[in-house]
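Asks: The sequence shown begins at 35 in the working numbering and counts up one residue at a time.
Since the hints were derived computationally from the structure, they do not count as laboratory data. Model, not experiment: these values are computed from the prediction. Beta carbons: idealized from backbone N, C-alpha and C, even for Gly. One thing to keep in mind: the hints can contain errors.
Taking lysine-lysine pairs in the DSSO-like style, the calculated list, with each CA pair at most 27 Å apart, reads [said to hold, decoys possible]:
no., residue 1, residue 2
1, 362, 308
2, 148, 195
3, 185, 168
4, 216, 239
5, 167, 239
6, 319, 329
7, 285, 352
8, 51, 114
9, 167, 229
10, 362, 352
Derived CB-CB ranges, DEER-like [stated by the list, open to error]:
no., residue 1, residue 2, range
11, 266, 95, 50 to 60 Å
12, 310, 347, 49 to 59 Å
13, 57, 243, 32 to 42 Å
14, 297, 276, 36 to 46 Å
15, 336, 312, 51 to 61 Å
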Amino acid sequence: MEKISLIKKDLEEKSGKEWLGLQRQTENRLLSLIWYLDHVKVQENPKLVEEIIELYNTAKITNFIKMEGIIRKLDQLSIKFSKESAIRKTPFAQSRSLRGEPAIYAKLIEEFIKQLDDFLSSTSGTSLPEKTKKSLITFLDYLNHPKLINKTGLYEEMREKYDKAEEQDFLSMSVFDDMLNKCEIKLGAITDESKKWKSPEEKKKEFEAAIENFEAEKESFQENLKNLEIESEAMKVEREKMENEKGQIEKERENLVIEHEEMNEERKKLEAEKSQIEKEQGTLKNAQGNLETEKELFQEKLKNLELEGEAMKVEREKIETEKVQMEKDRGNLEIEREAVKDEREKIET
Numbered sequence: 035m036e037k038i039s040l041i042k043k044d045l046e047e048k049s050g051k052e053w054l055g056l057q058r059q060t061e062n063r064l065l066s067l068i069w070y071l072d073h074v075k076v077q078e079n080p081k082l083v084e085e086i087i088e089l090y091n092t093a094k095i096t097n098f099i100k101m102e103g104i105i106r107k108l109d110q111l112s113i114k115f116s117k118e119s120a121i122r123k124t125p126f127a128q129s130r131s132l133r134g135e136p137a138i139y140a141k142l143i144e145e146f147i148k149q150l151d152d153f154l155s156s157t158s159g160t161s162l163p164e165k166t167k168k169s170l171i172t173f174l175d176y177l178n179h180p181k182l183i184n185k186t187g188l189y190e191e192m193r194e195k196y197d198k199a200e201e202q203d204f205l206s207m208s209v210f211d212d213m214l215n216k217c218e219i220k221l222g223a224i225t226d227e228s229k230k231w232k233s234p235e236e237k238k239k240e241f242e243a244a245i246e247n248f249e250a251e252k253e254s255f256q257e258n259l260k261n262l263e264i265e266s267e268a269m270k271v272e273r274e275k276m277e278n279e280k281g282q283i284e285k286e287r288e289n290l291v292i293e294h295e296e297m298n299e300e301r302k303k304l305e306a307e308k309s310q311i312e313k314e315q316g317t318l319k320n321a322q323g324n325l326e327t328e329k330e331l332f333q334e335k336l337k338n339l340e341l342e343g344e345a346m347k348v349e350r351e352k353i354e355t356e357k358v359q360m361e362k363d364r365g366n367l368e369i370e371r372e373a374v375k376d377e378r379e380k381i382e383t
């Protein structure tokens, strides 16, 4: 009994990490397990009690992810105890004491829906006559009706009629069906859009469709992942290429820095040479000025020489004239000398 109390305390407090994100269906199964532990017939079998407690502790270690053992045991208990396995009920008297508390009613309705859904999907639920199952499914659809939360009196009546039908193993459903007619008057007819319950076969089909969709999405994801890996490899190659180019650019930048420094040195040399050339140009300009002065003096001297040359030419012509005259006079003198000589010879003769 102490172990059962500890399990009940676990379910009430839910303080451990294993309770984080616990699904409602899993919680309902655990509540059903507690209900069976409290069952008189179960407690008459200590070995069965220990087996159920062991299944609970094993599931708890897995954070209630692996529930296969508990699910199988609940199915076994459902078959063994028939009516008692239907659902774990919240006492009607307790729901009546909560009149005027919509939030709490919403919680009660939600739990009731989960419990009834589990029952309809269980072996006991699926073995019911089709007409009975149809009535219970319609009942479940009315529990899902959005207006029911504001009609607490109707909910209590629905719960009461359900409990009575359950006590009779759902063999007498006339009063229950009359209550469904009342629900239709109060809430309106159930449409295809408002139907919530699905049979295990429908759930299986939806699950299989979801699996197919998941597999398709998985295949698409793997294809996308493959493409991403290809793109990643391409990006890796491109990155390596960029790194190489970056290294080359850095190397070229270093070379440019060296060339820039060399150009600065060359510029300094050119500036020095330019300064020297300008200095030499200044000196050359001064020398050119002096040369121009000397040239002018030379040209003046040349002009004077030309004048002197002209004068000398005139003088030379004059001398030549005089020379010709002298030659002429010399000739005449020779003639006269010959004449004198002849005359002397004549005289001497």
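Asks: Please go over all the hints and tell whether each is borne out by the structure.
Replies: Status of each hint after checking the structure:
no., hint, verdict
1, 362 to 308, "violated, 75 Å"
2, 148 to 195, "holds, 18 Å"
3, 185 to 168, "holds, 23 Å"
4, 216 to 239, "violated, 33 Å"
5, 167 to 239, "holds, 20 Å"
6, 319 to 329, "holds, 14 Å"
7, 285 to 352, "violated, 92 Å"
8, 51 to 114, "violated, 34 Å"
9, 167 to 229, "holds, 14 Å"
10, 362 to 352, "holds, 15 Å"
11, 266 to 95: 50 to 60 Å, "violated, 39 Å"
12, 310 to 347: 49 to 59 Å, "holds, 51 Å"
13, 57 to 243: 32 to 42 Å, "violated, 21 Å"
14, 297 to 276: 36 to 46 Å, "violated, 30 Å"
15, 336 to 312: 51 to 61 Å, "violated, 34 Å"
Violated hints for the displayed structure, listed by number in ascending order: 1, 4, 7, 8, 11, 13, 14, 15.
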